[in-house]
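K.L.:
Turn these sequences into a full structure, and let the hints guide you.
Going by our numbering, the sequence shown opens with residue 9, and the numbers climb by one from there.
Treat the hints as calculated values from the structure; they're not laboratory data.
Just so it is clear, the structure is predicted and the values come from calculations on it, not from any experiment.
So the derived label-pair ranges between C-beta atoms look like this:
no., residue 1, residue 2, range
1, Glu295, Asn194, 48 to 56 angstroms
2, Lys277, Gly121, 52 to 60 angstroms
3, Gly217, Leu244, 23 to 31 angstroms
4, Arg154, Lys93, 40 to 48 angstroms
5, Tyr58, Gly219, 25 to 33 angstroms
6, Asp361, Tyr58, 42 to 50 angstroms
7, Ala308, Glu370, 39 to 47 angstroms
8, Gly238, Ala310, 47 to 55 angstroms
9, Asp100, Gly219, 34 to 42 angstroms
10, Gly296, Glu342, 14 to 22 angstroms
11, Thr324, Pro258, 12 to 20 angstroms
12, Asp307, Gly337, 25 to 33 angstroms
13, Arg154, Pro258, 21 to 29 angstroms
SDA-like cross-link-like pairs, simulated, lysine to any residue; straight-line CA separation at most 25 angstroms:
no., residue 1, residue 2
14, Lys172, Gly226
15, Lys93, Gly237
16, Lys353, Asn286
17, Lys172, Asp247
18, Lys103, Thr117
19, Lys10, Tyr123
20, Lys277, Tyr181
21, Lys353, Ser294
22, Lys10, Gln48
23, Lys277, Leu314
24, Lys103, Val66
25, Lys353, Thr162
26, Lys103, Glu72
27, Lys10, Val37
28, Lys93, Val17
All C-beta atoms in this analysis are idealised placements derived from N, C-alpha and C, irrespective of residue type, glycine included.
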Amino acid sequence: MKFRVERDVLAEAVTWTARTLPTRPPVPVLAGVMLEADAQGSLRLSTFDYEVSARAEVPAEVSEPGSVLVLGRLLAEISRSLPNKPIDVQVDESKVELRCGSARFTLLTMPTGEYPELPQMPERLGSIDGAAFAQAINQVTIAAGRDETLPLLTGVRMEIEGEKLTLLATDRYRLAMRQLTWSPSNPSAEQVALVRARTLSDVARNMAGGGSVEVSLGEGSDIVGFEAGGRRTTSLLVDGEYPPVRRLFPESTSTTTVTNTAELIEATKRVALVAERNTPIRLSFSEGQVVLEAGQGDDAQASEALESVLEGEDITTAFNPQYLLDGLGALGTEYVRLSLNHPTKPVLMTGQDEQHGEDHAEEFRYLLVPIRFAG
Numbered sequence: 009m010k011f012r013v014e015r016d017v018l019a020e021a022v023t024w025t026a027r028t029l030p031t032r033p034p035v036p037v038l039a040g041v042m043l044e045a046d047a048q049g050s051l052r053l054s055t056f057d058y059e060v061s062a063r064a065e066v067p068a069e070v071s072e073p074g075s076v077l078v079l080g081r082l083l084a085e086i087s088r089s090l091p092n093k094p095i096d097v098q099v100d101e102s103k104v105e106l107r108c109g110s111a112r113f114t115l116l117t118m119p120t121g122e123y124p125e126l127p128q129m130p131e132r133l134g135s136i137d138g139a140a141f142a143q144a145i146n147q148v149t150i151a152a153g154r155d156e157t158l159p160l161l162t163g164v165r166m167e168i169e170g171e172k173l174t175l176l177a178t179d180r181y182r183l184a185m186r187q188l189t190w191s192p193s194n195p196s197a198e199q200v201a202l203v204r205a206r207t208l209s210d211v212a213r214n215m216a217g218g219g220s221v222e223v224s225l226g227e228g229s230d231i232v233g234f235e236a237g238g239r240r241t242t243s244l245l246v247d248g249e250y251p252p253v254r255r256l257f258p259e260s261t262s263t264t265t266v267t268n269t270a271e272l273i274e275a276t277k278r279v280a281l282v283a284e285r286n287t288p289i290r291l292s293f294s295e296g297q298v299v300l301e302a303g304q305g306d307d308a309q310a311s312e313a314l315e316s317v318l319e320g321e322d323i324t325t326a327f328n329p330q331y332l333l334d335g336l337g338a339l340g341t342e343y344v345r346l347s348l349n350h351p352t353k354p355v356l357m358t359g360q361d362e363q364h365g366e367d368h369a370e371e372f373r374y375l376l377v378p379i380r381f382a383g
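P.N.:
If you want it as structure tokens, here you go:
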């Protein structure tokens with residue numbers, strides 16, 4: 009096996025495929041990245057840990073086709089550190105030699121026969137604009153659980169109904185939902201899957217930069233696949249029945265407030281500086297303003313007032329400041345609308361472009377559970 013490849017091309021491809029390699033693999037070969045060079049001038053790089061697979065394909069000048077398995081993270085570090093010159097790679101029995109300018113590295117190979125076969129991509133379900141998909145993923149995954157003892161909540165429920173794609177996530181303290189349109193292979197397609205939040209976040213970060221993303225999910229399949237720009241990844245789905253979270257969104261609310269999003273974000277950050285860990289920030293809405301407060305008693309205290317439009321009775325509620333900031337940051341609109349029924353009932357957060365305009369509740373909704381505070 010012998011080929012030449014540009015330094016940046018190899019470094020980027022190896023770094024991407026090696027990103028999911030296990031730190032402590034159950035068997036040594038799972039720490040490897042498979043390199044396969046063919047006579048058509050293509051170099052494929054693959055990784056697989058029995059849960060997540062990744063494959064990238066890049067151009068290369070192939071003199072001798074073949075395949076080899078080497079330590080993935082080590083190869084990624086070496087390729088990133090090499091000078092910006094073409095890299096010549098040659099396999100000699102049990103060793104791989106890399107030459108780049110005057111730099112030379114020799115790596116031991118791993119047994120390719122022991123490496124598991126990558127799963128096949130499921131049936132293609134459709135495609136979606138990469139930028140829109142990345143935005144939707146980033147909006148929803150903020151609400152996904154991080155507690156691995158509750159694996160169901162570490163997933164994002166992906167619902168497909170014709171041209172409508174809906175993403176839902178919750179960690180029991182907040183609930184995020186985003187709806188968007190996409191291009192299904194079958195206009196009458198209906199599918200539901202529970203996808204790992206970290207898999208979707210990785211797709212948003214590394215595959216959705218431009219163009220479209222192909223989504224693959226077969227009927228009854230236990231894996232989901234994504235493909236874009238010469239890269240493809242598959243991941244096992246989260247097993248289990250997701251809780252019926254849609255019913256948590258209130259059908260109607262008695263009080264609404266509209267506040268400038270950027271101003272509320274900055275004020276929340278300032279006031280939260282005196283909030284002790286796990287203590288809330290209080291928001292008191294009255295005619296024409298909202299007052300933010302944190303701290304009480306002999307502790308440090310802070311307060312700040314902002315202009316806000318109120319419809320309904322005066323109301324005071326309190327939130328985990330980081331959860332509030334997560335929701336505000338995900339909106340992407342000039343104004344935020346909070347819809348409430350009671351100080352201790354979940355608050356619906358939506359965005360709108362104008363202070364007295366319509367909200368975008370049909371696109372993105374963020375439901376946040378208040379924290380009880382001493383009156």
